[in-house]
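Heads up: the sequence lines are chains A and B, in that order.
The first sequence begins at 1 in the numbering used here and counts up by one.
The second sequence begins at 1001 in the numbering used here and counts up by one.
Everything labelled a hint here was simulated from the structure, so no lab data went into it.
Please note that the accuracy of each hint is not assured.
[Stated by the list, open to error] With a Cα cut of at most 16 Å, we get these calculated EDC-like pairs of lysine to aspartate or glutamate:
1) B:Lys1212 <-> A:Asp28
2) B:Lys1303 <-> A:Glu51
3) A:Lys45 <-> B:Glu1060
4) B:Lys1218 <-> A:Asp72
5) B:Lys1222 <-> A:Asp28
6) A:Lys218 <-> A:Asp28
7) B:Lys1159 <-> A:Glu51
8) A:Lys88 <-> B:Glu1109
9) B:Lys1157 <-> B:Glu1217
10) A:Lys92 <-> B:Glu1206
11) B:Lys1218 <-> A:Asp50
12) A:Lys71 <-> B:Glu1217
13) A:Lys114 <-> A:Glu127
14) B:Lys1055 <-> B:Asp1130
15) B:Lys1009 <-> A:Glu97
16) B:Lys1212 <-> A:Glu70
17) B:Lys1222 <-> B:Glu1209
18) B:Lys1212 <-> A:Glu127
19) B:Lys1205 <-> A:Glu127
20) B:Lys1303 <-> A:Glu97
21) B:Lys1218 <-> A:Glu70
22) A:Lys93 <-> B:Asp1130
[Stated by the list, open to error] Between beta-carbon pairs, the in silico distance windows are:
23) A:Asp86 <-> B:Leu1188: 14 to 24 Å
24) A:Glu122 <-> B:Val1247: 30 to 40 Å
25) A:Ser75 <-> B:Ser1042: 33 to 43 Å
26) A:Asp136 <-> B:Ser1042: 50 to 60 Å
27) B:Val1031 <-> A:Asp136: 34 to 44 Å
Note that beta-carbon positions come from the ideal geometry of N, C-alpha and C, so glycine has one too.
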Amino acid sequence: MLVFDQVSKYYGVQAALKNVSVEVMPKDFVVLIGHTGAGKSTFLKLIIRDELPSKGRVFIDGIDTISLSEKDIPSFRRKIGVVFQDFKLLLKKTVFENVAFALEVCGVKGRVIKKKVDEILEKVALEHKKNSCVFDLSGGEKQRVAIARALVHDPILLLADEPTGNIDPKSSEEIINLLLKINNSGTTIILATHNKDVVKQVSGRVIALKNGEIVADKKNCSEYITI
Amino acid sequence: MRNLKREIKFGIQGIVQNGWISLAVFLVLSVTISIWIVTFFSFKIGELTLKDIGKKYDTEITLVPGLSEEEILKVENLIKSIDEVESYEIIPREKAIEELKDILKIDDEELNAQIDKFNLSPSFKVRFKDPQDYKSFFKKIESSSLRGNFSSLEANKEKTTKNLSELEKWFRFLKISGLLLSGFFVILSFLIVLQAVKTSIESRKEEIEIMKLVGAEKNFIKNPFLIEVIISSIIASFFVDLLFFGVVYSFNSEISGFISRVLEFNAMNFYIQNITYMLLISFLGSLFVTFFSANLSIKKYLKI
Chain A
1 MLVFDQVSKY YGVQAALKNV SVEVMPKDFV VLIGHTGAGK STFLKLIIRD ELPSKGRVFI
61 DGIDTISLSE KDIPSFRRKI GVVFQDFKLL LKKTVFENVA FALEVCGVKG RVIKKKVDEI
121 LEKVALEHKK NSCVFDLSGG EKQRVAIARA LVHDPILLLA DEPTGNIDPK SSEEIINLLL
181 KINNSGTTII LATHNKDVVK QVSGRVIALK NGEIVADKKN CSEYITI
Chain B
1001 MRNLKREIKF GIQGIVQNGW ISLAVFLVLS VTISIWIVTF FSFKIGELTL KDIGKKYDTE
1061 ITLVPGLSEE EILKVENLIK SIDEVESYEI IPREKAIEEL KDILKIDDEE LNAQIDKFNL
1121 SPSFKVRFKD PQDYKSFFKK IESSSLRGNF SSLEANKEKT TKNLSELEKW FRFLKISGLL
1181 LSGFFVILSF LIVLQAVKTS IESRKEEIEI MKLVGAEKNF IKNPFLIEVI ISSIIASFFV
1241 DLLFFGVVYS FNSEISGFIS RVLEFNAMNF YIQNITYMLL ISFLGSLFVT FFSANLSIKK
1301 YLKI
């Protein structure tokens, strides 16, 4: 599914990732932990091909991201869903419009959009809020809208960058449960966090990053690894 | 087609979203197009007026005194054969004397006393098809075998040159000032559209980021910004064209009356005759400016 083969990323002389090699299997749920500046965001940016590695190679579903042409990037990105701590939603639009937006800008037919969005909203239990303005939603609901939008293209991989960072503990638990449900239905998930409760709740594979290097990689881990 | 429809939809949303910036773009484009059209019309009217004045200008060609009828006829045939000549009139000596009497307001006795002071030989009053044709006309006269039958040819040529080149100077001034003013407004609107697209890109940073993330094609991200200013330019062109039609329709008699002091003119007819040019200037001109400035701005500020 995902292979990092001796990947390094430098910004000038500053190394964000150093010689990272990791393999994620399909249907895995990986929790990526590390302090601010540990390299988590760079790790995720390399996956969505927002950045290119300075050294080494990144393979997603067998595709070498370096070999992707500019023209191929949009269709590549549709294979990956991304969720952020700050939701990145269009606050003046409704829940439906926000999710539909991801399909609209990719040229999907109107009829298909309606059907698909209704389906996804049901999946994230937001069908009753379909016509509500995103601005009026709670943090947890906003994150569910973001997850719904990330799922509309049926991605093979879902990246979640601190998805519980801006929400209360109860909503946070709900979000993780939702991600676990999505994972159970076959989507590979990589979740970056420094929330100990999240690590405990997932009880999956944990990869710890420190100063751009992998310092721990444990399977079925329910304890936060002290870095 | 579906994508184009959506790009247009996003473009329109951008216009609404940008509010004051869109209004500023619309206003500057409207002023620019108006300047272009006013310049074009002024230039056209100026050109017609100057041509009219030029056409009404008669060049006097004086003959040497004492020419026989036969020789005068030869000269007439020569003038008639020159392509540049639109019309001519022979002024015989007798007519010249009558005209002189009228100008000086004197009687026959006084005239006879002064007649030797004036060169009252027969002459031709020549009108050219185009005022600028006088150059080739004089060239042909000077190189003809009848050159010796003309008197004060150099003085006649100089007088014509002086008067017509004055007109030419005004015509050139009109042309250059119109071009400079239009050029200034082209640059101004170019810069404003450039800035407006930049602001639009900045105000939709989030949206652009989301589009990138969800896998929107590059053109789908770029085109709405282009469409946004193109729509503004089309609306501005329509607005200005309608405004000009309204002004000409409502003030036809006033405009026509004002210009008719120097030129036989009907504003509505003139407007209808030149409507194609006006539409071309407003639509193509504004599209050209917005397309290039928006493209430049997108290239410079939209990082995708």
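Taking 16 Å as the top limit, are the C-alpha atoms of Lys45 of chain A and Glu1060 of chain B close enough? Measuring from Cα to Cα gives roughly 87 Å; hence the hint is violated.
When you check the alpha-carbon spacing of Lys218 of chain A and Asp28 of chain A, does it fall within 16 Å? Holds. Lys218 of chain A to Asp28 of chain A sits at ~13 Å (cutoff 16 Å).
Decide if the proposed pair is consistent with the structure: Lys1212 of chain B and Glu70 of chain A, CA atoms, cutoff 16 Å inclusive. 12 Å, holds
Supplied distance hint 14 to 24 Å, evaluated on CB atoms of Asp86 of chain A and Leu1188 of chain B: 39 Å, violated
Are the Cα atoms of Lys71 of chain A and Glu1217 of chain B separated by 16 Å or less? Holds, because 8 Å separates the two Cα atoms, which is no more than 16 Å.
Straight-line alpha-carbon gap Lys1055 of chain B to Asp1130 of chain B, limit 16 Å: The given pair, whose Cα atoms are some 7 Å apart, holds under the 16 Å limit.
Would the pair Lys1218 of chain B and Asp72 of chain A pass a check requiring their Cα atoms to be no farther apart than 16 Å? 10 Å, holds
Could you check the hint for me, namely that Glu122 of chain A and Val1247 of chain B are 30 to 40 Å apart, CB to CB? 59 Å, violated
When you check the alpha-carbon spacing of Lys1218 of chain B and Asp50 of chain A, does it fall within 16 Å? Given pair Lys1218 of chain B, Asp50 of chain A holds - Cα atoms ~14 Å apart, limit 16 Å.
Agreement of Lys1212 of chain B and Asp28 of chain A with the hint, judged by alpha carbon distance not exceeding 16 Å: 25 Å, violated
For a C-alpha distance cap of 16 Å, please report whether Lys1222 of chain B and Asp28 of chain A respect it. Roughly 36 Å separates the two Cα atoms, so the pair is violated.
Holds or violated: Lys1218 of chain B to Glu70 of chain A, with C-alpha atoms at most 16 Å apart: OK: Lys1218 of chain B and Glu70 of chain A at ~9 Å, within 16 Å.
Hints 1, 3, 5, 7, 8, 9, 18, 19, 20, 22, 23, 24, 25, counting from the list given before, are not met by this structure.
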